[in-house]
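Colleague: Here are the chains, one letter per residue:
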Amino acid sequence: MATQQYIERNIEEYYVTEQPYYVPTSDEIEIFESAYRQRVPILLKGPTGTGKTRFVEHMAWRLSEGISKRNPEDVSPNGTGEKLPLITVACHEDLTASDLVGRYLLDADGTRWIDGPLTRAVKFGGICYLDEIVEARKDTTVIIHPLTDHRRSLTIDKLGSTIDAADGFLLVVSYNPGYQNALKDLKHSTRQRFVALEFDFPDEEHEALIIAHESGCEPAIAERLARLGVKIRNLREHGLEEGASTRMLIYAGRLIKEGVADRRACQVSVTWGITDDPQIQRSIDEVVTSIFA
Amino acid sequence: MTSSDDPKQSAIENTREELKQFPAPVLERYEIALEKLSGRLADETCQQWSTEGLEIARKTVRSWEAAAEFFDASVAVQRQLPSGQFLKWAKTGTSLCEDSPSLAVAYFKSSPKSMLRLRPRYIDDWANVCRALYRGTWKSSALACRLFEATPDLLESLSFEEFCHFGEFLEVLSRRSYDQAGDALGAGIDLFPKIPGDIDRFINLAQIVAEKSWRETAVLFDSATAALIELNSTHRAPLISLARRLVITGVSDAAGVLRDGANTVNRVPTDSRDRLLEMTDGIAAVSAPAAPEFLKIVPEVLERVTFDQMGQWQIEGIQTARESDEAAVSYFRLESPRSLEMLDSLSSSIELSRVRDIISMYCLALTGRNIDIQAAQALAEKNIGWFQGELPTTEGTTIYMPSVINRYTSKDENFGFFKVISTHQIGHIEFGSFAFDFNEPSFIFDDLRPRLPGATELKAAKAVDEEAKKKASAKPEVIVFGHESPVAASSVTPEPAAEQEAPEFLTDMSRFFDLFHERRLALDVFTVLESSRIDGNVAELYPGIMSMYAIVRGAALESRPEVTDLPAREALVEFMIRVSLGQVDDMIVPGEHKDAARKLRRLIRQVTTVDAIVEDAAEAAIRAYSILIDIKNDELDDDEFEQLEPEEEEESSDNDEEDVVDPEEVIQQFMGQASPDGEGEGEPEDGSDEQEFESEGEEEDYSSPQEVDYRGEFKPELSQLLSQMQMMESGEMSEGGEMEPITQEQLEEMMKNAPEMEMEQTEGEEGGDQQVSEMIENLMKELQKRDTENQQFQPGPSQHVDEDGGPLTATEPDTYTYPEWDFRANEYKPNWCMVHEKIMTDGEPHFFRETLAENAGLVSQIKRQFELVIPEMYRKQKRLEDGEEYDLDTVLEALIDIRIGVSPEEKLYWRRNKNERSVAVAFLLDLSASTAEAIDEAKKPSDDWGAPDDPVEYMVWLRSRRSEGLRRTYKRIVDVEKEGITLLVNSLETLGDAYGIYGFSGYGRENVEFYTIKDLDEKFTEIVPRRIDRIAPLHATRMGPAIRHTAAKLNEVEARSRFLFLISDGRPQDRGYSREGVEKEYAVHDTRQSLIEARNMGITPFCLTVDKAGHDYMKTMMEDFSYEVLPDISLLPKRLPQLYRNLTT
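Protein chains in written order, with the working numbering: chain Z, 577 to 869; chain A, 52 to 1196.
So here's chain Z without its partners, still in its complex pose (with noise of 0.2 Å):
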């Protein structure tokens, strides 16, 4: 660790080279296949720290294996029959259109155009993934569109060009329905467009095992805290606006093998993150000191 070397690469030459770690709920992992060969857009929706983007990593690099692996020939993004890149952006409410498409950049000797990501992965044949979409700014829905449809084409109005997707190229978004908030819904003429898979919590099981895997912490250690997600979770709509998201368990779990006390551990990560009430986060403490010794 001495000296760590960073990774540069280009957005578009990223691909997802180890296995994520991702524990299926249900038939998610064939339906995203089939709608990948279809080219059928998908939506992600579900609570925060359930796996989306986990998800999206971990069919990236299926689909990768697949192509390289099992038919090279059935699907191959850019027509190399090569690896499927993933282009991910994080929406924040700032994100304009061009943050997405590209922009002109001036440079010493005038203007030069940059492509965004957006661009690059239409270009390039890649999975582009727009994480909590609606936060993003309304003009950049409308770029969206074109994908998502028959067209599957980027109109770049500053250029005065569109540009046909490359055949790997897929858009999956992701959004949080959660909020309380109407005018941060997305709007039906955009999710309309997407196949939409649910995400929410996995079972006590499911989630012992990813906290787990994911911390490596002690089983008996990941059964409980999969236990105490369980618990704080039923306090959903009664004061805690999310339940305890996984993420948020492992993080725990994380600590315990760290050596942090147990109680210590979870009320660090957990009580203590997820709500400032103080009534709630007695509540939550209790819970903690029931199920942790």
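For the record, the hints were derived by calculation from the structure and aren't laboratory data.
Check each hint, because a few of them may be wrong.
As the list claims (entries may be wrong) - Residues on chain Z that point at chain A, a partial pick, calculated with CB under 7 Å:
{"no.": "1", "residue": "LEU681"}
{"no.": "2", "residue": "LYS807"}
{"no.": "3", "residue": "LEU811"}
{"no.": "4", "residue": "ARG858"}
{"no.": "5", "residue": "GLU862"}
{"no.": "6", "residue": "VAL863"}
{"no.": "7", "residue": "THR865"}
{"no.": "8", "residue": "SER866"}
{"no.": "9", "residue": "ALA869"}
Said to hold, decoys possible - Computed list of lysine-lysine pairs in DSBU-like fashion (alpha-carbon distance at most 30 Å, straight line):
{"no.": "10", "chain 1": "A", "residue 1": "LYS914", "chain 2": "A", "residue 2": "LYS645"}
{"no.": "11", "chain 1": "A", "residue 1": "LYS929", "chain 2": "Z", "residue 2": "LYS734"}
{"no.": "12", "chain 1": "A", "residue 1": "LYS87", "chain 2": "A", "residue 2": "LYS142"}
{"no.": "13", "chain 1": "A", "residue 1": "LYS958", "chain 2": "Z", "residue 2": "LYS763"}
{"no.": "14", "chain 1": "A", "residue 1": "LYS929", "chain 2": "Z", "residue 2": "LYS714"}
{"no.": "15", "chain 1": "Z", "residue 1": "LYS714", "chain 2": "A", "residue 2": "LYS914"}
{"no.": "16", "chain 1": "Z", "residue 1": "LYS699", "chain 2": "A", "residue 2": "LYS958"}
As the list claims (entries may be wrong) - From chain Z, some residues computed to sit far from chain A (all C-beta separations above 10 Å):
{"no.": "17", "residue": "GLU584"}
{"no.": "18", "residue": "TYR591"}
{"no.": "19", "residue": "GLN595"}
{"no.": "20", "residue": "LEU671"}
{"no.": "21", "residue": "GLU790"}
{"no.": "22", "residue": "ASP852"}
Even for Gly, the Cβ is constructed at its ideal location relative to N, Cα and C.
With chain Z fixed as given, assemble chain A onto it according to the hints.
Modeller: For chain A alone, coordinates are given in the frame of chain Z:
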């Protein structure tokens, strides 16, 4: 007329003559008295006496009566008085007669007895004291007469001086009210003999009260009678003096001081009483109004801390009292935070009310259900089958717990105890005790349940059997415990009569317990096994709580009765409980039954695992029962008990698969059970068997073991029934088919058979039946509460249109018809509902103003939040790629960048964000009758709002308020709704959004009342607050049409975003809307449909409910709409603006 030479004779004769003109009795009595007196009085005196009598008679029209009394009394009085005094006495009477003959009558009448206690020289004073009450009216004369009459009695305990004081007091009081004075007189006669030595002190107090607040004298005497006599004189005097001092300084409630003081003093150990009164004096010296509060609160304080600790608390209170009277009062009412904190820090006990929210949320987390937490007393008071007020228990939806825990010395441990009991109780819910299904196979055991005959079946079968045999021989009525030999059992036909209908049971639990003859034993055994199972699950799933659990279980073991004191069968049940509580060593069991004990222990071990389900506990109970029923409940000597060897490890592993009992034998045994009502078996062998048993003659009646404190009362049957109702309501039982509403008969049947009830019936033979029927009544009520389907609406005043009628037509102005969605038919019923739109009548503007004033802090907070929204609408945005104008700074930077050869920023423009706010929102308030429900708002400081000014009313109000409990004031749900709306409206004006406020209620589909409080296009004027004032609970809740109407209104408004904000307190309900048989879903579906319609119009609905049970139906109703269930209604005013802001920005 007569000769004048004999003056004596002439005076007497004269009198005699003159008296003839009066009614005959006067003369008669004169003659009688004269005869007796003439010998004893000197002639002269006698003449004077005669003349006096005549004068009295002549005084006024009715004074002859007085004269008659005078003559009557004279004889007796004369004996006690010297002649001079005697005449003086007569003269006094004469002068009284001048005022009123009736006074004189009373005077004379009372004289003979009074003279016994009255010194002659006081006669005049006496008459004057009484006469002072007379003011020429009938009432005053009656009062004065009463005092004369009462004099002999009063003088028995009062000195004459005291008597005069009392008279003065009466005089003062009588100026206000003769009735009160009369009552006080009567009360005084009773009271004075009981408080010797303190009479004058008390009269003095009474007089001050009479002067200051005369209306309270009656209460004063009442409470003095009740309270003072309880005290001994050493504490009485200081208390009265204290009351007097307080009254003088302006505390009007002397009666309360006496009552509370006496009450408190009696509750304090004798040696601390003086100290207590000193403490009170100390407070009174600093703040008079606080002293009575202190006296009142002492018992409550002493429940939590020791007397010495209370001393510290009091000293702190005196410090506070120096600040102001208000502070002192609230301190000693236990209302001020400082006081509570002080007490908290002094005590280690924990009150349920202070941790209720935490525990409730803890339970919610563990079970995923809304669990209500109540004091155990509340359930006992409901009288629906639970009796213990101190033990924790649950009926499936609510957990009942002791209201205070102070068994440990630290707060943590006491809270831990709360946690242990709540974990155990919700364990019953979480691990499915009440989800028992008779037909569900068990996990560990071979199922015996389906193979055993129910007692009811058995009885029916036997009846048929006997019919066939036509055996006429009379059998002795002997109560047989089900220990019949298999021989006897085998002769009973194993098949239940086929033609007999299978008996119906309300719950699976009932059916299960019907298998047993000795239901009580079965229940006890099942309780132990099921509790062990729960504990086993808890231990496995919540290891964190086990350390506290161990402490609690240890304590529970300590308090168990000695096994050796119990007869054999009970000893074994006790043994089971001890095993279940984790005792391992030193297990003592009846030596004869060691093997049975081993088996029982194994059964407990088998169910104490996570794998076991409730049906396993049931199966184990059958086995344990079959073992125990064969063991006679004999009284055993100590030496018949032996130690049971500790369990060997292999015991459980070796024969894990093997059942502890032979199933076939058990079946045979159950077949042979005598029927519950004790009819003997029809077999001859039976007789001999009994003979044998009789000869032993030692068997004790079986009685249930003592409860385990943390496990509390477990009532599986009742709880299952209640939680079943709950589930039906929330629609979870839908696959279970249609459940008929439960009838009273069914309940009675169940109660009759339920083992949980038996003990009570046997205890109170007399009142038993009545008690049970009362309980059933309460239970019916409880069930109805849970099952809204059974609920009836009060018939409204409006006309009734049959639900089966056709569509309606809106003919009148301001009426609108709307369709209704029938989810069964999957279609609309056209024009099914009629909405009557009305403008809310005007009320007073106070409510609005006061609410804003009371919540000033919150108001400014909300305003600030809302103001933050405004800049967001007009904010100048910089660094844009295009816009209104170059941003000079950015351009400069860019030019510099170009010069130095780096890529410049291209976002050079700024622009005003054109995100104009265009929001229209309609608030729809539920005004159903249920919003009249009071909410328990513990935080509300007890300011005396609404206290009437009139003293009498004030007393009534005060007393009713006290009885409500000290820190409770009531507010209705609708009041909170109003408050929320008020705060919101006030802030909405800053935002400039178009908003409307509407209320709805109604009765029946033809009468949906829709009230406009503020229309969407109406400006906010002073009339709106006045309308808000009039928001009040009305009738039912037919949400659908109201939502449709509001949506229609919203639809006419031009706005980019439109919102419909529904604020309700419960599920939709109305006649013909929510109680059509099982289809109470109807209302929910129609409401949902109306929301979908609204959404299709581009309106965003949002529902805010304060119904704690809201989650169940809200899930269906609001499936993909936003909603929020408020955990605590008092949050509404705060939450509403927050939600509004989140939703619209």
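Colleague: To test your reading of the hints: which numbers does this structure violate?
Modeller: 10
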